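Colleague: Keeping the supplied structure of chain B fixed, place chain E upon it in accordance with the hints.
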Amino acid sequence: MPDTSHQRDFNALPNDEFRAQFRSWLEQHYPKQWRQDHRRPFLRLHGPQLRQWLKTLHQHGWRAPDWPREYGGMGLSFGKQLIYKEELNRLGVARIVDNGETQLGPTLMRYGTAEQKSYYLPRMLASLDHWAQGYSEPNSGSDLASLSTRAELNGDHFVVNGQKIWTTFAHECSHLYALVRTGRFEKKQQGISFLLIDLNSPGITIRPITNIAGDDEICEVFFDDVKVPAGNLVGELHQGWTIAKALLGHERIWLGDPAMAIRALALAKQLVIETGNTGNAVIVEQLAALHADLFDYQSLYADICDEVAHTGAISADASMLKVYVTELLQRISEFNISVAEEHALAGGDSKIGNTVTNLHWQFMMARPGTIYAGCNEVQRDILASGMGLPR
Amino acid sequence: MNEQQELLTMLTDSASKFLGARSHQDQSSSDWTAMADLGWLALPLPEDHGGAGLGAEEIAALTRHFGYYGYGNDYIAQAVLPARILAAVPADNADGAGLCEQLIGGSARLGLAWQEHAGELGDEMPGCQLTGDALKGYQLNGAKCFVAGATPASHWLVSAQQSGEPVMIAVESTAPGVAVKSLASSEGRFDDGFCELHFENVAIDAGKLLLKGERARLALGEALATARIALAAELEGIAAGCLDQTAEFIKTRKQFNQPIGAFQVIRHRSVDLKIAVRLAASSWRRAARQWRENAGDPDQTPWISAAKARCADSALKVCKEAIQMHGAMGFTEEAGIGRYMRAAIRCGAWLGSPARHRRILLNQLHQEFSHA
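Protein chains in written order, with numbering that gives the first Met the number 0: chain B, 0 to 390; chain E, 0 to 371.
To be clear, the hints were calculated from the coordinates, so they are not data collected in a lab. Everything numeric in this text was worked out from a predicted model, so none of it was measured. For each residue, glycine too, the CB sits at the ideal point set by N, CA and C. One thing to keep in mind: the hints can contain errors.
Below are the SDA-like pairs computed for lysine to any residue, each with C-alpha atoms no more than 25 Å apart in a straight line [to be verified]:
id, chain 1, residue 1, chain 2, residue 2
1, E, K180, E, Q160
2, B, K84, B, Q115
3, E, K319, B, Q285
4, E, K316, B, A315
5, E, K319, E, S369
6, E, K250, E, G335
7, B, K186, B, S147
8, B, K84, B, P47
9, E, K253, B, D380
10, E, K316, B, E284
11, E, K319, B, M386
12, B, K31, B, A93
13, E, K319, B, P389
14, E, K319, B, N375
15, B, K244, B, A312
16, B, K54, B, R68
17, B, K350, E, S369
18, E, K250, B, D316
19, B, K187, E, Q263
So these bits of chain E aren't anywhere near chain B, every CB distance computed over 10 Å [what the hints assert, rightly or not]:
id, residue
20, E5
21, L6
22, G52
23, A178
24, D204
25, G206
26, R309
27, M328
28, R355
Coverage of chain E stretches by chain B, computed from C-beta distances (three or more under 8 Å per stretch; other residues unrestricted) [what the hints assert, rightly or not]:
id, stretch
29, 248-261
30, 264-275
31, 356-369
Chain B extracted, bound-state conformation (with noise of 0.2 Å):
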């Protein structure tokens, strides 16, 4: 296992000289033709793309910020790991999807085997596996718990049947971490288990989906008789739901990162100006209103994580911002739109005055955030019971 506690440790540096280092780095090693911008304002690596930035950041010990020394990460602090995090959103860095990193990593280092994470963390790591996620199924979504995907314990191997769906990059990627049924019992959640999967297993078949932004990024993923080894099972049997369940490291916190209404408003201003709207009370009065939520909305998200890099608790409240940072990101994206008037008539790329754009696609992308990583409504409903109203 590569452990990096011999390289210097960043959390010492202060705060402005960790933030420059990084700074500079980035402006010198991540590609300007991948930089987000008013027409891809919301741009995500994959494929090819994503391996490459991945190993670039992993040669020169910039990979998984979040990860303990001890595994071949960076270590960082809360703050640090905060300010790594603005400096990616300050450049344009295009978003990625690294469930290796920040989901299967963590549980393995917490309910791995010693195997298990001397051979898929350093794979992780070095950009060898890619890993999908295969949680949610056609008949289950927001309640996951009633998924029916089977694997049945046959020896030395399982035998998986069934679905996955909505699963992002599973056709780019090598490996699906997977919550099977391997089990009924009264309640649905007890009979569930971690499985991870290799994507060439024979009887597996992945097939792209367009979404209405045009892309094909979310897959299904159909099982048939795929024998997965026993080795496989991650923590004990019929222990998958409660290790799905705890919830690892920030991700709550990141869920609400104001980055992409940032670049949403930025768009929106730029708008203004090229359709010569700027002396327009009206719509002026209308982007003075996302202007202020955004703003305001910033002002929470620092006084949480200044409660998280304080106390290392995230209270369930944290949830607010996912719901608040969402329906946000909507209400600018449908401002772009209604400021852009005919130019929305075309469906790709438009140039308005000076600037490219892409109208539909800047709206498309702002619906999945109110219903991926527990919907909005599911998320009031949580947040109801913690402000302790009845059920």
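Modeller: For chain E alone, kept in the frame of chain B given last:
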């Protein structure tokens, strides 16, 4: 815990005790004396003026409690605003020092009269005229409106102009030529705690000309900034207090064999109110912190405007929903929501409406546009 946090904890503990016993009441004159004894009236004055030398963060922590407990009060009108003006008067000025002493001890009620038209924010040249000279004495003429303070003040700090320069003068309410006209009274003391002042050839001693020119202008700006932060905090307190009361109600009120707080629509709307309160809290705390770190910097006004607008909007939003969630009971005076609601409207409209403050944020945008 550092020194400031300890101080804040002491202040908020003492506020909870004081106000817990006076929840949903209006400040009485014995209350004002009690506040003097607690040292609250001295908080906004600098130490060399006999005060505690505390800033917006501490003052706001206190006023937030006034809002939370539904406590009608004159603290911002008759302690914060006059104190911040007097803070700018040199400590060795005898008239200024005398007023500070009376303010701290609670023996006199002071007020600040700056506004002359609706929609003003305080950077306008006053219309009230100070004529005459130091030898023969000055005369004050003009009118002020929306002057805050439910309890009649004995002394007014009045902004005026003298030969085109802003000045700040002290006027006794009993001086000949001073007329006080209260706003129409309909609901109760603190709901009509604003008045008009009319000055007709009011004689002003030379010593009562406390501040001149740039010092007068800056003092008014600083006083209003501090007051707006305190008022934003009071508004967030109103929102939080009203929400807590409503949450308790919907947990216990049963219809269709269950608490109405169990209905999903009510649960979800309550969460949105909680988010509105959290946004408000972060906005005023941010403004107070920025003001402490950059006192007097006009670039800080966007933070303060954002906070005043946000807190007013959140308070109004929570109170409206609270009435709805209480059903017909919410419409009764007895239920207590009306009290929060009137305070939300009143505090929202005073020292700049939300729309007026948003326009300041809008100006920030215009600056960005002009550089684009």
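Colleague: Does each hint hold? Answer for all of them.
Modeller: To see whether the hints hold, each was checked on the structure:
1. Simply put, K180 (chain E) and Q160 (chain E) have alpha-carbon atoms about 22 Å apart, close enough for the 25 Å limit, and the pair holds.
2. For the hint linking K84 (chain B) to Q115 (chain B), the alpha-carbon distance of about 29 Å lies beyond 25 Å, and the restraint is violated.
3. Taken as a hint, the K319 (chain E) and Q285 (chain B) pair is honoured in the structure, with Cα atoms around 23 Å apart against an allowance of 25 Å.
4. Taking the CA atoms of K316 (chain E) and A315 (chain B), the gap is about 24 Å. The hint holds against a cut of 25 Å.
5. Our distance criterion of 25 Å between C-alpha atoms is broken by K319 (chain E) and S369 (chain E), whose separation comes to about 39 Å.
6. As the CA atoms of K250 (chain E) and G335 (chain E) are separated by approximately 17 Å, the hinted pair is consistent with the 25 Å bound.
7. With a CA separation close to 13 Å, the supplied pair K186 (chain B) and S147 (chain B) stays within the 25 Å bound.
8. Note on K84 (chain B) and P47 (chain B): the hinted pairing holds, with a Cα-Cα distance of about 22 Å set against a maximum of 25 Å.
9. Restraint check: the Cα-Cα separation between K253 (chain E) and D380 (chain B) comes to about 19 Å, which is no more than 25 Å; the hinted pair holds.
10. Proposed proximity of K316 (chain E) and E284 (chain B) is supported: the alpha carbons are some 20 Å apart, at most 25 Å.
11. Only pairs whose Cα atoms come within 25 Å are accepted, and K319 (chain E) paired with M386 (chain B) is accepted, the gap being roughly 19 Å.
12. A hinted pair counts as satisfied when its Cα atoms are at most 25 Å apart, and K31 (chain B) with A93 (chain B) qualifies at roughly 11 Å.
13. In summary, the hint linking K319 (chain E) to P389 (chain B) is supported, as the alpha carbons are separated by about 22 Å, within the 25 Å threshold.
14. With a C-alpha separation of about 23 Å, the suggested pair K319 (chain E) and N375 (chain B) falls inside the 25 Å cut-off, and the hint holds.
15. Distance restraint check for K244 (chain B) and A312 (chain B): the Cα-Cα separation of roughly 17 Å lies within the 25 Å cut-off, and the hinted pair is therefore satisfied.
16. Distance hint between K54 (chain B) and R68 (chain B) is fulfilled; the C-alpha atoms sit about 18 Å from each other, no more than 25 Å.
17. Proposed proximity of K350 (chain B) and S369 (chain E) is supported: the alpha carbons are some 21 Å apart, at most 25 Å.
18. This hinted pair checks out: K250 (chain E) and D316 (chain B) have alpha carbons roughly 19 Å apart, not beyond 25 Å.
19. A distance of roughly 23 Å separates the Cα atoms of K187 (chain B) and Q263 (chain E); the hinted pair therefore holds under the 25 Å criterion.
20. With a minimum CB-CB distance of about 16 Å to chain B, E5 (chain E) clears the 10 Å threshold, and the non-interface call stands.
21. A cut-off of 10 Å between C-beta atoms confirms that L6 (chain E) is not in contact with chain B; the least separation is 18 Å.
22. Residue-level check passed: G52 (chain E) sits 26 Å from the nearest beta carbon of chain B, beyond 10 Å.
23. Residue-level check passed: A178 (chain E) sits 39 Å from the nearest beta carbon of chain B, beyond 10 Å.
24. Every Cβ of chain B is farther than 10 Å from the Cβ of D204 (chain E); the closest lies at roughly 46 Å, confirming the non-interface assignment.
25. Chain B leaves G206 (chain E) outside its interface by the beta-carbon criterion, the shortest separation being 44 Å against a cut-off of 10 Å.
26. Distance to chain B contradicts R309 (chain E) as a non-interface residue, since its nearest Cβ pair spans about 5 Å, not more than 10 Å.
27. Under the 10 Å C-beta cut-off, the non-interface status given to M328 (chain E) relative to chain B holds; the minimum distance is some 18 Å.
28. Against the 10 Å criterion, R355 (chain E) stays outside the reach of chain B, whose nearest CB is about 12 Å from its own CB.
29. With 6 residues carrying a beta carbon less than 8 Å from a beta carbon of chain B, the stretch 248-261 of chain E meets the three-residue requirement, and the given coverage holds.
30. Figure legend: the stretch 264-275 of chain E, annotated as covered by chain B; annotation consistent (8 residues with Cβ-Cβ distances under 8 Å, at least 3 required).
31. Proximity of the stretch 356-369 of chain E to chain B, defined as three or more residues with a beta carbon under 8 Å from a beta carbon of that chain, is established by the 9 residues found.
In summary, the numbered hints that this structure violates are 2, 5, 26.
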